[in-house]
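Participant: Start counting the sequence shown at 0; every next residue gets the next number (numbering that gives the first Met the number 0).
The set of hints was computed from the structure by calculation and includes no laboratory data. Model, not experiment: these values are computed from the prediction. Just so it is clear, CB atoms sit at the ideal spot from N, CA and C, and this is done for glycine as well. Hints may contain errors.
[What the hints assert, rightly or not] Quick list of in silico lysine to aspartate or glutamate cross-link-like pairs, EDC-like style, CA-CA up to 20 Å:
(1) Lys64 to Glu37
(2) Lys18 to Asp32
(3) Lys64 to Asp23
(4) Lys18 to Asp44
(5) Lys51 to Asp81
(6) Lys51 to Asp65
(7) Lys78 to Glu37
(8) Lys64 to Asp32
(9) Lys25 to Asp81
(10) Lys25 to Asp65
(11) Lys78 to Glu60
(12) Lys51 to Glu37
(13) Lys51 to Asp14
(14) Lys25 to Asp44
(15) Lys18 to Glu37
(16) Lys64 to Asp44
[As the list claims (entries may be wrong)] Restraint-style ranges between C-beta atoms, simulated for each label pair:
(17) Gln49 to Lys78: 11 to 21 Å
(18) Ile86 to Lys51: 15 to 25 Å
(19) Gly91 to Ala9: 41 to 51 Å
(20) Glu37 to Ser88: 17 to 27 Å
(21) Arg6 to Gly91: 51 to 61 Å
(22) Asp32 to Ala71: 14 to 24 Å
(23) Thr90 to Arg45: 26 to 36 Å
(24) Leu82 to Arg6: 41 to 51 Å
(25) Gln85 to Arg6: 44 to 54 Å
(26) Asp65 to Arg6: 17 to 27 Å
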Amino acid sequence: MRVNEMRVQAINSIDMTLKFQLSDSKTCNLLYDALALESGYNPNDRAQAQLKIYNNLLILEIHAKDPISARASINSFMKWIDLSLQIISITGKNKI
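Given only the sequences and the hints, what does the whole structure look like? Please build it.
Facilitator: Here it is, written out as structure tokens:
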């Protein structure tokens, strides 16, 4: 195939599922509670997130309409998860 014959396909949507295995159910529930408000916040309708818990597994599902919003969503959630886990560690799982 020649360069001038290549077709460009637009990405219509991106679906991602991230699974986080946590050490115990209390940590999992605290992390879920910390992220629940963020998963419901949808300022521009380009990406949606849903959280689920299964035993000590936190499941984050992200549906984005384009690569830019997918990257922004995943970056935001990874930062929130890291920060939340640091706070949980510092507070000794008593509160967040």
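Participant: All the hints need checking, so say for each whether the structure fits it.
Facilitator: So, going through the hints one by one against the coordinates:
| no. | hint | verdict |
| --- | --- | --- |
| 1 | Lys64 to Glu37 | holds (18 Å) |
| 2 | Lys18 to Asp32 | holds (16 Å) |
| 3 | Lys64 to Asp23 | violated (34 Å) |
| 4 | Lys18 to Asp44 | violated (23 Å) |
| 5 | Lys51 to Asp81 | holds (18 Å) |
| 6 | Lys51 to Asp65 | violated (23 Å) |
| 7 | Lys78 to Glu37 | holds (12 Å) |
| 8 | Lys64 to Asp32 | violated (26 Å) |
| 9 | Lys25 to Asp81 | holds (16 Å) |
| 10 | Lys25 to Asp65 | violated (35 Å) |
| 11 | Lys78 to Glu60 | holds (16 Å) |
| 12 | Lys51 to Glu37 | holds (13 Å) |
| 13 | Lys51 to Asp14 | holds (15 Å) |
| 14 | Lys25 to Asp44 | violated (32 Å) |
| 15 | Lys18 to Glu37 | holds (17 Å) |
| 16 | Lys64 to Asp44 | holds (9 Å) |
| 17 | Gln49 to Lys78: 11 to 21 Å | holds (18 Å) |
| 18 | Ile86 to Lys51: 15 to 25 Å | holds (22 Å) |
| 19 | Gly91 to Ala9: 41 to 51 Å | holds (49 Å) |
| 20 | Glu37 to Ser88: 17 to 27 Å | holds (19 Å) |
| 21 | Arg6 to Gly91: 51 to 61 Å | holds (56 Å) |
| 22 | Asp32 to Ala71: 14 to 24 Å | holds (23 Å) |
| 23 | Thr90 to Arg45: 26 to 36 Å | holds (34 Å) |
| 24 | Leu82 to Arg6: 41 to 51 Å | holds (42 Å) |
| 25 | Gln85 to Arg6: 44 to 54 Å | holds (46 Å) |
| 26 | Asp65 to Arg6: 17 to 27 Å | holds (19 Å) |
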